[in-house]
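Number of protein chains: 2
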Amino acid sequence: MIFGNSKAPSAELVVIGDEVVSGLILDRNSKFLGERIHEMGVTLTRITTVGDSPAIIEDSVRLALKRCDWVILTGGLGATHDDITKAVLLKVFECGLKNDSNVAVMLEKMFRLRGREVPDSVQTQSEVPEKAEVLYNEKGTAPGFKMFKDESILFSLPGVPLEMQYLFEKYVVPEISAKNNKTFLHRLIKTTGISEAVLWEKVGPFEALQEKAAIASLPSHLGVRIRISVLADSKEKGDVCLDEVENCLAQRLYPHVYGSNDERLEDKVGVLLREKSLTLTTAESCTGGLIGHRITQVSGSSDYYKEGFVVYSNEAKINRLGIEPSLIKEFGAVSEPVAKAMAEGVCRVTGADIGVSVTGIAGPSGGSDLKPVGLTYIAVHDATGTHCEKFVFTHDRVRNKERSAQAALNLVRLRILGVTDTQ
Amino acid sequence: MIFGNSKAPSAELVVIGDEVVSGLILDRNSKFLGERIHEMGVTLTRITTVGDSPAIIEDSVRLALKRCDWVILTGGLGATHDDITKAVLLKVFECGLKNDSNVAVMLEKMFRLRGREVPDSVQTQSEVPEKAEVLYNEKGTAPGFKMFKDESILFSLPGVPLEMQYLFEKYVVPEISAKNNKTFLHRLIKTTGISEAVLWEKVGPFEALQEKAAIASLPSHLGVRIRISVLADSKEKGDVCLDEVENCLAQRLYPHVYGSNDERLEDKVGVLLREKSLTLTTAESCTGGLIGHRITQVSGSSDYYKEGFVVYSNEAKINRLGIEPSLIKEFGAVSEPVAKAMAEGVCRVTGADIGVSVTGIAGPSGGSDLKPVGLTYIAVHDATGTHCEKFVFTHDRVRNKERSAQAALNLVRLRILGVTDTQ
Numbered sequence: 004m005i006f007g008n009s010k011a012p013s014a015e016l017v018v019i020g021d022e023v024v025s026g027l028i029l030d031r032n033s034k035f036l037g038e039r040i041h042e043m044g045v046t047l048t049r050i051t052t053v054g055d056s057p058a059i060i061e062d063s064v065r066l067a068l069k070r071c072d073w074v075i076l077t078g079g080l081g082a083t084h085d086d087i088t089k090a091v092l093l094k095v096f097e098c099g100l101k102n103d104s105n106v107a108v109m110l111e112k113m114f115r116l117r118g119r120e121v122p123d124s125v126q127t128q129s130e131v132p133e134k135a136e137v138l139y140n141e142k143g144t145a146p147g148f149k150m151f152k153d154e155s156i157l158f159s160l161p162g163v164p165l166e167m168q169y170l171f172e173k174y175v176v177p178e179i180s181a182k183n184n185k186t187f188l189h190r191l192i193k194t195t196g197i198s199e200a201v202l203w204e205k206v207g208p209f210e211a212l213q214e215k216a217a218i219a220s221l222p223s224h225l226g227v228r229i230r231i232s233v234l235a236d237s238k239e240k241g242d243v244c245l246d247e248v249e250n251c252l253a254q255r256l257y258p259h260v261y262g263s264n265d266e267r268l269e270d271k272v273g274v275l276l277r278e279k280s281l282t283l284t285t286a287e288s289c290t291g292g293l294i295g296h297r298i299t300q301v302s303g304s305s306d307y308y309k310e311g312f313v314v315y316s317n318e319a320k321i322n323r324l325g326i327e328p329s330l331i332k333e334f335g336a337v338s339e340p341v342a343k344a345m346a347e348g349v350c351r352v353t354g355a356d357i358g359v360s361v362t363g364i365a366g367p368s369g370g371s372d373l374k375p376v377g378l379t380y381i382a383v384h385d386a387t388g389t390h391c392e393k394f395v396f397t398h399d400r401v402r403n404k405e406r407s408a409q410a411a412l413n414l415v416r417l418r419i420l421g422v423t424d425t426q
Numbered sequence: 004m005i006f007g008n009s010k011a012p013s014a015e016l017v018v019i020g021d022e023v024v025s026g027l028i029l030d031r032n033s034k035f036l037g038e039r040i041h042e043m044g045v046t047l048t049r050i051t052t053v054g055d056s057p058a059i060i061e062d063s064v065r066l067a068l069k070r071c072d073w074v075i076l077t078g079g080l081g082a083t084h085d086d087i088t089k090a091v092l093l094k095v096f097e098c099g100l101k102n103d104s105n106v107a108v109m110l111e112k113m114f115r116l117r118g119r120e121v122p123d124s125v126q127t128q129s130e131v132p133e134k135a136e137v138l139y140n141e142k143g144t145a146p147g148f149k150m151f152k153d154e155s156i157l158f159s160l161p162g163v164p165l166e167m168q169y170l171f172e173k174y175v176v177p178e179i180s181a182k183n184n185k186t187f188l189h190r191l192i193k194t195t196g197i198s199e200a201v202l203w204e205k206v207g208p209f210e211a212l213q214e215k216a217a218i219a220s221l222p223s224h225l226g227v228r229i230r231i232s233v234l235a236d237s238k239e240k241g242d243v244c245l246d247e248v249e250n251c252l253a254q255r256l257y258p259h260v261y262g263s264n265d266e267r268l269e270d271k272v273g274v275l276l277r278e279k280s281l282t283l284t285t286a287e288s289c290t291g292g293l294i295g296h297r298i299t300q301v302s303g304s305s306d307y308y309k310e311g312f313v314v315y316s317n318e319a320k321i322n323r324l325g326i327e328p329s330l331i332k333e334f335g336a337v338s339e340p341v342a343k344a345m346a347e348g349v350c351r352v353t354g355a356d357i358g359v360s361v362t363g364i365a366g367p368s369g370g371s372d373l374k375p376v377g378l379t380y381i382a383v384h385d386a387t388g389t390h391c392e393k394f395v396f397t398h399d400r401v402r403n404k405e406r407s408a409q410a411a412l413n414l415v416r417l418r419i420l421g422v423t424d425t426q
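Keeping their order, the protein sequence lines are chains A and B. For the first sequence, this note's numbering gives the first residue as 4, with consecutive numbering after it. For the second sequence, this note's numbering gives the first residue as 4, with consecutive numbering after it.
Everything labelled a hint here was simulated from the structure, so no lab data went into it. Hints may contain errors.
Copies of the same chain look alike in the list, so a pair counts if it fits in one copy or across any two.
[Said to hold, decoys possible] Think about it this way: if two alpha-carbon atoms lie no more than 30 Å apart in a straight line, the pair counts; the simulated DSBU-like pairs of lysine-lysine are:
| hint | residue 1 | residue 2 |
| --- | --- | --- |
| 1 | K112 | K374 |
| 2 | K89 | K215 |
| 3 | K34 | K69 |
| 4 | K142 | K173 |
| 5 | K374 | K142 |
| 6 | K343 | K215 |
| 7 | K142 | K34 |
| 8 | K69 | K94 |
| 9 | K240 | K215 |
| 10 | K69 | K152 |
| 11 | K101 | K215 |
| 12 | K89 | K34 |
| 13 | K89 | K205 |
| 14 | K142 | K205 |
| 15 | K112 | K205 |
| 16 | K205 | K393 |
| 17 | K393 | K112 |
Given the sequences, and given the hints that come with them, work out the whole structure.
Listed below in structure tokens is the structure:
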């Protein structure tokens, strides 16, 4: 393969692992790599996924090397008995092993930190193919390799997603970027609290936008994401175009867009709390701590989140938040009055500026005709008063909890923005 | 390829779609098919994933047909402009199109139900390859195809998961089952709190086990899973074999195995709490509610989990759990004495039988030379006393929280089992 010839540079993946072909695990690595490679304007022509069979791995690697500029292997580099990629590389590239002292030193250091000796099985990781450039892996015990065959380049990366991504960004991205100067850019615009159908009605006609960028709608149970993409000569030019499309969509969809790309709803809530110097507290029943967990995913969240309560039982609601037992008796724990009293109570007890509460029936049991599984009340209290919304989620327990936490964080966001009616 | 020869029958997948190779969507079809095919005792030797390029699809299909008994294609059968699988099939199987009146009738019926005419673009779906047996699709507008080449059989299925699964179960499963009467069974054995290297040292020689079942090691940051697999004449015989291998491994690895297959650590903790009629409460600092969230993922957890505290600030630790301010001043909030006082305090305040506490530095900021990012103390208190363990996690904030919650639940499990030293 020749770089810089008339045709676009291309890459192939070879994914190795019995656990993938037998459907034991879902291969998320290919999605990550496909997306990143695509962004760099390189065509990913083929992904070949194979089990732990040396002959089939070898055949797949040889075929891929003949067809494209870059071949990326994932998996099969660990030190256990079923990791066989290294042996295949020795055959394909016709070489032996050498000892890499840097790897040996890194392993020793890593295990010393854990107060242990390097196990014999791991020690073999410092044996690397003679013809390989070693990709040093600070995130795990298996180094990666970069090897050359005719005019193609092979990268062999570990299968553990964190380590694979780390080595990909550290070694593969600079290599591909240097040889290829078209940029495919995309941006995710994230919304929540609005259904896909209503969202596109609100956007209205968008042919003019589509001339500027490709637009895709990606719904999930936590909200609709809109992906906008451009192929540009430079990152600067592409970003200008994306900014324009994003601004237009965000305006038409106000206040439903909460962020873009990797920004999480909890990040946005944190930014708004900081801007207004407000503190937040939580009173969670059916979400069991998930809202607090999400708030504290943000580094520095201790500045605005001091504490929260998981009040799963009626007694906890009464003892910790001062809910009147008669209120629970009259309306039930899953009701608007109790949700409101929880949000008010948690502010009173903690002195926080904003309190958010959730009480609902996550399922699968506990529902009734009057109060079905998925019925959830979410209340937000602050100096201006208490606002409560009712939801009926229709998924399983795990997703109902996720949707409840998402809706709760979104109501906090809207409250700080001063939005009370989003319809 | 010849059925019934000495070697196990094999299948390959060819997955078609630009949206998959460009990482826009996660391919869950391959996992589904891999698992189902594997269960039927057929080896899935290769999955080839390609974009919407006719030449590359054709090449992939031809190669796959030469190598295995069954080739299953997914995707590219819709009526939009980028669906091109049918054209490729005409080339590979050297035939033209014919009209299938059954498909035409089904389409008319389907659209009449929606009160609409069949759109022209959809009408073309009744044009099918002359040499194909049609796979009638009651779940959507795209029929599938079954075609024969030499001694291999090709199934072309739509990419929409629901339709793909429907046609697979209706047409592919009976075909494969009729020709192959072996069953492939597998089981996941789940461990946590022990590294992969130490785990296999503890297992010791396992050649004898490997004669009974294939054994694979699947590490993740939350623990190592071991997959054991057998190819058996019947489910009953296979299960006997799996039980034997599982029992042997669980014995050698006691107390590190917490469950099998889909069982979560929080499920196991719930089972143990119920068995002993114990209640559990939580005092979370750096995990921010994640432990409570996990405990309440289990339906019915309200029986043993009444409440928990997210005590993120020092004031919350002092005010909610009665921690002495002097203790925090002397040792710092992230310390063994404070972790122990939190576990003891939360039991005192709530009256629960077991209290678990976590205090740590999740990162990326907040670390120092003496107390690095990732330093975490986890304590468990019950009637027999208070036990605390120190950890230094080396991942990012999100994973450090996940590892902390996992370790905390595991310490609760071990405490209920009466295990104090796992080394």
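Legend entry - Enumerated hints in conflict with the structure, sorted upward: Failing hints, ascending: 6 and 11.
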